Amino acid sequence: MTPVEAVVLAFVVGAALATALLRDVLASIIAFAAYSLGVAVVWLLLRAPDVGLTEAAVGAGVTTVLFLLTIAKTVRPASEDLFVDVDPTALGVSALLVAALGTTLSALPPVGSSSAPVATSRVTAYYLENAYHEAGVKNAVTAVLAAYRGFDTLGEAVVVFAGFVGLLVVLDRGVLA
Amino acid sequence: MIDVVLDRAYFVVAFLLLGIGAHMLIGDRNLVKKVIGMNVFQTGIFLFLIASAYVAGASAPLLTEPGPYVSPLPHVLILTAIVVGVSLTAVALGLIVRIYGEYGTLRADLVGEVDGGE
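Those sequence lines, one after another, are chains F and C. So in my numbering, spot 54 of the first sequence is number 54, and the numbers just go up one at a time. Throughout, my numbering is defined as the position within the second sequence, counted from one, plus 177.
I should point out that these hints are in silico values taken from the structure, not numbers from a laboratory. Mixed in with the good hints, there may be bad ones.
Facing chain C, according to a computed beta carbon distance under 10 Å, are these residues of chain F, among others [as the list claims (entries may be wrong)]:
| id | residue |
| --- | --- |
| 1 | 25 |
| 2 | 41 |
| 3 | 106 |
| 4 | 140 |
Here the structure is a predicted model, which is why all the values come from computation and not from measurement. Glycine included, each C-beta is placed from N, C-alpha and C at the ideal position.
Next comes chain F alone, as it looks inside the complex (with noise of 0.2 Å):
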């Protein structure tokens, strides 16, 4: 854990709580585009630039205007106050979520350890030793998403075009235009 690490942890983190708290919902989705930026600077940190790539595009870029769309077409409650009041059933709901999860803590390999269960898979080594010269690409990534993968990435085109075809069913002309 290097003081970098710990810093842009502590932003993610402040920033899905500022998402999360502020009442105006504009005010929300700039904190939200933020919490993206930090998100695809942590995915660098761990040694994921394709992942931190398409976070910093979609996430802060795609996602936030398609927010900003929503409340330009609906409405932007005005309230007086700063923060939400927070609802204690949520609270204790997702406080009994994160105690839950914070059980399994201890059973989980520490984070960057070389003899963690997904670093000695044979299915990671495999794909380390033969992408190269079974697929041609010298990104890893991109030979399993592309070569060794391909039908799940068709299935994925698929549902981005349901996802877009659903749009325009629920959306008639006249928002659209």
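With chain F's structure known, arrange chain C on it following the hints.
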């Protein structure tokens, strides 16, 4: 005890994000903020998986770099999940725009009231 938590700080943050996202989904009355909460919840899951792929001192899974490498498979899963998540968000927000057109409000409790009055 402290070491157990510090070694697994990424998992702790992932759990906290799941809690914050769940709280927004359940507790916030504004429908747009519920969808933002769903996105926060998703990133909590992403953080858990990407952190489990990390190996200290290893390079990104680009085979031009010197090894050892972190595992590429969770990265692929999360790339797919991010794109699917955006489709989900887009459809949810489209439904919210329609709900606002029909009911004239974005508050989940008021939408229920309008429905019950009919």
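Structure-based check of each hint:
About 5 Å separates the beta-carbon of residue 25/F from the nearest beta-carbon of chain C, less than 10 Å, and the hint is met. At a threshold of 10 Å, the smallest CB-CB gap from residue 41/F to chain C is about 12 Å, leaving the interface hint violated. The interface hint given for residue 106/F is met, as the beta carbon of that residue sits about 5 Å from the closest beta carbon of chain C, less than 10 Å. Evaluation of the residue 140/F hint against chain C yields a held restraint, the C-beta minimum of about 4 Å falling below 10 Å.
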